[in-house]
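Participant: Each chain, letter by letter, is given below.
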Amino acid sequence: MAVDRDRAEAIVSEIRRKIKDAFDVFDHESNQTVDVREIGTIIRSLGCFPSEAELRELIDKIEDEEPTGYIHFEKFLPVMTKVLMERRFRPIPEEELLQAFENLDQDNKGYLEPEELTKYMTQEGEPFTQEEMDEMLSAAVDPEKNVIFYKDYVSMLSYDDSH
Amino acid sequence: MGCGTSVAIENQGKPRGHSETAMKAAILIQRWYRRYIARLEMRRRYTWNIFQSIEYAGEQDQLQLSSFFSFMLDNFTQLNGNGPDLISHLLDSVVDPLTEEVRQTRYEQIVVPDSYTGPRLTFPLSVSDTNALLSAFKEQQTLHGKYVLQLLHETKKFLKQMPNVIYLSTSYAKEITICGDLHGSLDDLLLIFYKNGLPSDENPYIFNGDFVDRGKKSMEIIIILFAFLLLYPDHMHLNRGNHEDHIMNLRYGFTKEVMQKYKAHGRDILQLLQDVFSLLPVATVIDNKVLIVHGGISDNTDLDFLSSVERYRVKSALRLPKRSLDHLEVVSSRSSSRQGRVGLESPRSLGRSSRASRKRKSHLTRQASCSSSSSSSSSSSLCSPRLLSRNTSRNTLRNTAMNTPRNTPRKTPQHPPSPSLPSPTDMLQVPFLDSIMSLAPPEPSREEMEWRQIVDLLWSDPKCQNGCSPNTFRGGGCYFGPDVTQRLLQKHGFCLLIRSHECKQEGYELCHDGQVITIFSASNYYEEGSNRGAYIKIGPELVPRFFQYQVSRSTRKLTLHQRVSVAEGSALKALQEKLFAHRSELMAGFQQYDKNNTGRISTGEWATVVESVLKMDLPWRTLRPRLVRLAPDGNVEYESCFEAVSPGQSVPQVTPNLAETLYRYRTDLAIIFNIIDKDHSGQISIEEFRQTWKLFSSHLGVDVDDQAIDDMARSIDFNKDGSIDFNEFLEAFRVVHKLDVKEQQHG
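Chains as they are written, first to last, in UniProt numbering: chain U, 1 to 163; chain A, 1 to 747.
Do not take every clue at face value.
Said to hold, decoys possible - Which stretches of chain A does chain U cover? Using the computed rule of at least three CB atoms under 8 Å from a CB of chain U, they are:
no. : region
1   : 25 to 36
2   : 45 to 53
3   : 597 to 610
4   : 615 to 624
To be verified - Only pairs whose alpha carbons sit at most 20 Å apart, straight line, appear in this in silico PhoX-like list of lysine-lysine:
no. : chain 1 : residue 1 : chain 2 : residue 2
5   : A       : K615      : U       : K20
6   : A       : K573      : A       : K615
7   : A       : K315      : A       : K157
8   : U       : K82       : U       : K61
9   : U       : K119      : A       : K24
10  : A       : K146      : A       : K24
11  : A       : K138      : A       : K24
12  : A       : K578      : A       : K615
13  : A       : K24       : U       : K151
Derived from the structure by calculation, the hints contain no laboratory data.
Note that CB positions come from ideal geometry on N, CA and C, so glycine has one too.
Please model the complete structure; the sequences and the hints are all you need to start from.
Facilitator: Structure (structure tokens):
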């Protein structure tokens, strides 16, 4: 029992250190705060895959009653520890990602035109900004055929992500 | 956020089923992609942190090295044999042995051979000369040493009559362009000229210091800048930076560049550059409203006092003015045993406290150390005992210096022991005050104040918290808060402070409520793609406009992933070298947690050890997957963090402990050897080598027994002629990245 409790405590304290590490990278003024616009990056870099809506919900929980534009570490830590302990916003498996692309490819061409992908990504769901779209296309579009072979793209993203 | 738009699409009459699937698919892809980008962003940020930590650790090493010079001065009387000779070598390197006239005739007698195809200059310079220089440098040509010397002589003559602070007005020209650090990056300078036009009567420029070091084209840059300075003396202005300093140049590459490009005249050029650099003005003021300095200010900065400073005496911010050393020499030659002890002890504690200070400054990456917020008392760090407290006027200062000579920086109880390095002055002062205080004129303290004024302008960084605290991260200058900025601007009726000195990802950055602007003009400073460069244009309305750019070698735009990976790769390499250089300390730490010798410890334990040994404030847990392997049980196999690098091929027969120490301090040793090696032959005598190494290791508090040093010295004197090639020697202690070696073998 005692051993188990010790181990559990060790796990929690390790999770806390991980959160602190990630938070510190964005705490430019070393005053235990980060810009609220960067909190999504911190949460996602800790291995979470929240949607924008879920992220907004989370931020509402963390943010001060009167939003200052900054998030304090002491508020962030307990909420984030809970998220990681409960394993919320789990990773999306590569197959599901591929399936999502296939669903967009109505004609089963095996590829998407840049215009097609742009339309879906900037008009559907939680739309990309122009900047996000440009960045995605710069890596996704096959430079010779000028289309997105999404199967290759998905495996490239997965590879990048693990290297 | 996006719900509204999907409704709009439904109205276009698509089958509802697909629309829903498409929306779900889109959200999933967006979620995935945003996490992917977030991870890249995290890597980009910590890469930046690594580069900055390593850069500033280097600056600290440099300051520690300069304290080593003082240490040697304090102790040279204890040496036997050629000890004093060694010291005089060190000292002489900054004393010009020739008179002005002799040197002038020397370069006039240099004959430029007919075979020379580079540009030929005629003085006074004209536009055709600057054009010739620009096109020659684009063609990778070199300017002949004779012209370089002549240009430097003319520049020196011109700078001598310039004031410390230059006052400009926008009324003569519509706009003035201000550029930050260039650091030997000629491509950036040429890109600025291409975008913004060449300097001229209609197009005035201010270059805010750090023209040289790091980049490979420092010589070309100063030739171009000095040529335009002579051509348009009223429309070209150069502020001194902390790298316009011959001791900094020893570490950061400019000295080497000069010696490689000018084999015959390199030494004369370097000698002359010392003077030219020390004669550069230290501040520029536009329309009595905008102050431009390289680093920043401190709560001691006093522009009125500054205007009366004899700036040329500050040959290097890393050395006190020569006169103080003279006093020291007099005294040390009859030094008592007590002084000897003081000298010996302080440097050791210096090693420790400097490590402590690095830790403290940990948040240096973020411009401000968190602990600094507690101290609002004045004090720039390093090197100078804080003789004057913030509100002491200049007159009372002299008295203070006389009466309470050891009144070094007030140590705030929050961070004992004092984090700043015991200054050379500290050590210098002991004998000085003990023996000849009654005879001493008050001048040295004035001189030191002058030195302090300049060091603060050249080395300081802004921070977000109020107050002024020692810049322990860099080891020199100070951190100044918004209140310090506010007070200085108000006092002089200024509205803006423009400074450089720190690399920024976007090339510029605003802080202190927009009252301080950082401008940095070397793009790709840390690595290809690491940052943009920028310059400022400012007109009579005094509203700065920013222009950003980035030199690019490849024509195809890299993806974010490619850009991040390249920079991250070289940052991690630098970090792996750091780990390797501290291998035995790290191993000792790891093994404390590994009682059963399994070779494995937890990630947390690994991070704790690395953090405590390297004293670098980095997200070690986040970096862990990039530096060390996990065992199947989830623990780290700690020895794998040394696998990426290995020592160079031909390490001489030395004990592992000595090899590691040599490896860690090889840059310091290279600098010391270069100073001893006056003719830059690359050879020093075996005796010089031994003496230096003994002194240096005792200064560092490294315990290496004399026998080991003697053995090593003998083993590297390959041809037994009593001298050693130290470049070759140090090369053996370079580490090699295993991956690179493989690539080379395969390629």
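Participant: All hints, please: hold or fail.
Facilitator: Structure-based check of all given hints:
| no. | hint | in the structure |
| --- | --- | --- |
| 1 | 25 to 36 | holds (count 12) |
| 2 | 45 to 53 | holds (count 3) |
| 3 | 597 to 610 | holds (count 4) |
| 4 | 615 to 624 | holds (count 5) |
| 5 | A/K615 to U/K20 | holds (17 Å) |
| 6 | A/K573 to A/K615 | holds (18 Å) |
| 7 | A/K315 to A/K157 | holds (17 Å) |
| 8 | U/K82 to U/K61 | holds (12 Å) |
| 9 | U/K119 to A/K24 | holds (14 Å) |
| 10 | A/K146 to A/K24 | violated (73 Å) |
| 11 | A/K138 to A/K24 | violated (55 Å) |
| 12 | A/K578 to A/K615 | holds (11 Å) |
| 13 | A/K24 to U/K151 | holds (18 Å) |
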